[in-house]
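S.K.: Letter by letter, the chains look like this.
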Amino acid sequence: VIADNPFFVLGVSPDASRQEIEREAQKLLGMVELGFADAMSYSTPLGAMPRDAESVRAAAAALRDPYRRLIAELWARHASAPEIRAMPAPTAAGLPQARTKLGWGR
Amino acid sequence: MGLFFALFQRAHQAAIDARRRASTARYLGWSALAAMTLVVALLALMVTAARLWALGLWTVAVGLISVCALPALAPWLVRHVLVPRGQVKLAHLCGRVSSVAGTDSGAFALVAAAWAVLGARKPAKASAVAWLNTRLAERGRLGDAEVVASAFVLARSDVEAARALLASVAEIAEVHPAVRELAGEWLAVDAAERGAWRELATRSDGEGARWPATPLRFLLEGVAARRCGAAAAPSALSLRARWLLAPYRRATWGLLADITPAPASANSSVATTGEVAAETSPPSLSDAVTALLAASVAVAVETSDRTGAARVHQLALCWDRVLAAPEIHTWMSARAQQLAAPLGSADRALAEVMETVAGAIRAQVERLRLPAPPPLASRFGHLLTAKLRHGRLDELELGFGRWGDRVTSGSKLTPIDEWREFLAVRQAYRDVVASGGDDLRRLAFPRAFEACNRVAVALWNQREEFAIAHAILSWQLAEARAVGDVAAIELSAKNAALPFATRTGRVG
Chain A
1 VIADNPFFVL GVSPDASRQE IEREAQKLLG MVELGFADAM SYSTPLGAMP RDAESVRAAA
61 AALRDPYRRL IAELWARHAS APEIRAMPAP TAAGLPQART KLGWGR
Chain B
107 MGLFFALFQR AHQAAIDARR RASTARYLGW SALAAMTLVV ALLALMVTAA RLWALGLWTV
167 AVGLISVCAL PALAPWLVRH VLVPRGQVKL AHLCGRVSSV AGTDSGAFAL VAAAWAVLGA
227 RKPAKASAVA WLNTRLAERG RLGDAEVVAS AFVLARSDVE AARALLASVA EIAEVHPAVR
287 ELAGEWLAVD AAERGAWREL ATRSDGEGAR WPATPLRFLL EGVAARRCGA AAAPSALSLR
347 ARWLLAPYRR ATWGLLADIT PAPASANSSV ATTGEVAAET SPPSLSDAVT ALLAASVAVA
407 VETSDRTGAA RVHQLALCWD RVLAAPEIHT WMSARAQQLA APLGSADRAL AEVMETVAGA
467 IRAQVERLRL PAPPPLASRF GHLLTAKLRH GRLDELELGF GRWGDRVTSG SKLTPIDEWR
527 EFLAVRQAYR DVVASGGDDL RRLAFPRAFE ACNRVAVALW NQREEFAIAH AILSWQLAEA
587 RAVGDVAAIE LSAKNAALPF ATRTGRVG
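Chains A and B supply the protein sequences, listed in that same order. Under our numbering, the letters of the first sequence match residues 1 to 106, in that order. Under our numbering, the letters of the second sequence match residues 107 to 614, in that order.
Next comes chain A alone, as it looks inside the complex (with noise of 0.2 Å):
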């Protein structure tokens, strides 16, 4: 829901208009045919992902469908790139190495 999405395969902000959506639609499938390397690819909070035809007429698919546009607006506007901190691991006062310590393997 998030790295195929529609408002991000196509570059727009979920506010975008109908007539901005198919605008920026037909001027992505120009770049991409051309090979335009800024068009290769688009940016999502799970990071960059790959552009090509295929996916800028799905998206633009998507979006003229309002059913289809409501859900894909829900993520879009609520994503963010998440900070990923690994969760500390529970402190368990143990007995450090005690298998080496206490005889059972090294």
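Worth double-checking, as some hints may not be accurate.
What the hints assert, rightly or not - DEER-style ranges, computed between Cβ atoms:
1) B:445 / A:53: 25 to 33 Å
2) B:392 / A:11: 14 to 22 Å
3) B:462 / A:57: 18 to 26 Å
4) B:533 / A:46: 30 to 38 Å
5) B:392 / A:18: 52 to 60 Å
Unchecked claim - Cβ-to-Cβ under 8 Å is the rule here; a few derived chain B residues that face chain A:
6) 298
7) 357
8) 540
FYI, nobody ran anything at the bench for these hints, they're computed from the structure. As the structure is a computational prediction, the values presented were derived from the model and not from experiment. All residues carry an ideal CB built from backbone N, CA and C; glycine is no exception.
Chain A is already provided as a structure; the job is to place chain B on it using the hints.
M.R.: The following block gives chain B in isolation, referenced to the frame of chain A:
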């Protein structure tokens, strides 16, 4: 001299019995008496041997020393000399003549040799491991000693699998106390290394009689009981006495310094997080989406199962509250109207979002092999539980089906692998039951019963592996009683009561 050795044996055995009953005072008393009689017996032996030597009968002197002293000193020799040096064959020999070996001395010998493979300072030679495997194969049917020896060898590379195997020893009807003591010691040391004091304290409370303790385990159990604030925790003085009698005093000295009760377990901290979260304002949708993305990316950086489980639990709680809040419904309805979406689009879209989120959480749980988060009493909670349950039940049925089909199709594994496969499918069953409760237990049991029955009967009739077949049938009976399946109880009770012979006596 013989009298003193006999007295030593008696006092030593009494000390072990006192330790098994967790009676520190008697344990100390009998240990002191055993030590005194051993000193006197050794003195008498040395004087006699010296006189024989002086008379020129040195061969008799050496023979006498070997016959009298080796059985008493063998356990010490194995632990402090042969195991660190990886002397597998000598450990086997000492184990055979050891005073603690009992009637089936081959069992303790096998485990002592496996301990030498595991505990050696340098990696054991491949030839020594091969020699041990030959001895293991020669023993024949699987009993507790074979399971423990296999687990010790396995512990060099796979600690988790060794832990599961050693914990399963309690279910094997063939009982060698000295072997069980070593298995219990490994489990205690492993729990101490992981800081799983509560696990150790609980086991010492509930299974003390089934898990005889070595002096080291006795000490670690005492530390665990003190840290967890258990009712039967030893006093500081008792704990110091246990420390004094246990080996590796330098390594365990640090445990005496900090014997205050341990902090609450991770599980309770997860529950607390949920409780606190329930009292504060609901998280925003942006928070929930970001948490979902973070969880999907975090799979690669999880540091332990426990943190993964906590993250998934928090994620489920967060979405549960977001999806139940009126804001998302209001926004969906208003936006659907602006976009001129068909009637009912908002509700349909919300259901699709729930489905997507539940699917993503299930993927996290499956990928990290986590326990399912506690059930939530909401529409989203029911959907999530159903998704988790459905996949796990399917997987479980497939697992049991494959297991039963393999055994009945004549494809044989070694007895220890048969036992490990049973432990694996049973663990999957327990995971499913833990996530789905009694309803799921009743759903899953018939498949488990059918497979267990087929496998146990094949192991009993075709391979005469009575001990593991009996253990499978006993578990099946306990499970049939738990779900109240009358026909299964009747059949399992009949099968589990069948008598059979072990190397330590008749069962049933």
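S.K.: Does the Cβ distance between residue 462 (chain B) and residue 57 (chain A) fall inside 18 to 26 Å?
M.R.: 23 Å Cβ-Cβ, so the 18 to 26 Å window holds.
S.K.: Under the criterion of a CB-CB separation shorter than 8 Å, is residue 357 (chain B) in contact with chain A as hinted?
M.R.: It holds, given that the least Cβ distance between residue 357 (chain B) and chain A is near 4 Å, below 8 Å.
S.K.: Determine whether the Cβ-Cβ distance between residue 533 (chain B) and residue 46 (chain A) falls within the hinted range of 30 to 38 Å.
M.R.: 34 Å, holds
S.K.: Honestly, do residue 445 (chain B) and residue 53 (chain A) meet the 25 to 33 Å range at C-beta?
M.R.: 26 Å, holds
S.K.: Take the C-beta atom of residue 392 (chain B) and the C-beta atom of residue 18 (chain A), compute their distance, and say whether it sits inside 52 to 60 Å.
M.R.: For residue 18 (chain A) against residue 392 (chain B), whose Cβ atoms are near 25 Å apart, the range 52 to 60 Å is violated.
S.K.: Residue 392 (chain B) and residue 11 (chain A), beta-carbon distance inside 14 to 22 Å?
M.R.: 20 Å, holds
S.K.: Can we keep the residue 540 (chain B) interface hint, with Cβ of chain A closer than 8 Å?
M.R.: 19 Å, violated
S.K.: Can you verify the interface hint for residue 298 (chain B): is its Cβ closer than 8 Å to any Cβ in chain A?
M.R.: Status holds, d = 5 Å.
Checked against the numbered hints above, the structure breaks hints 5 and 8 and satisfies the rest.
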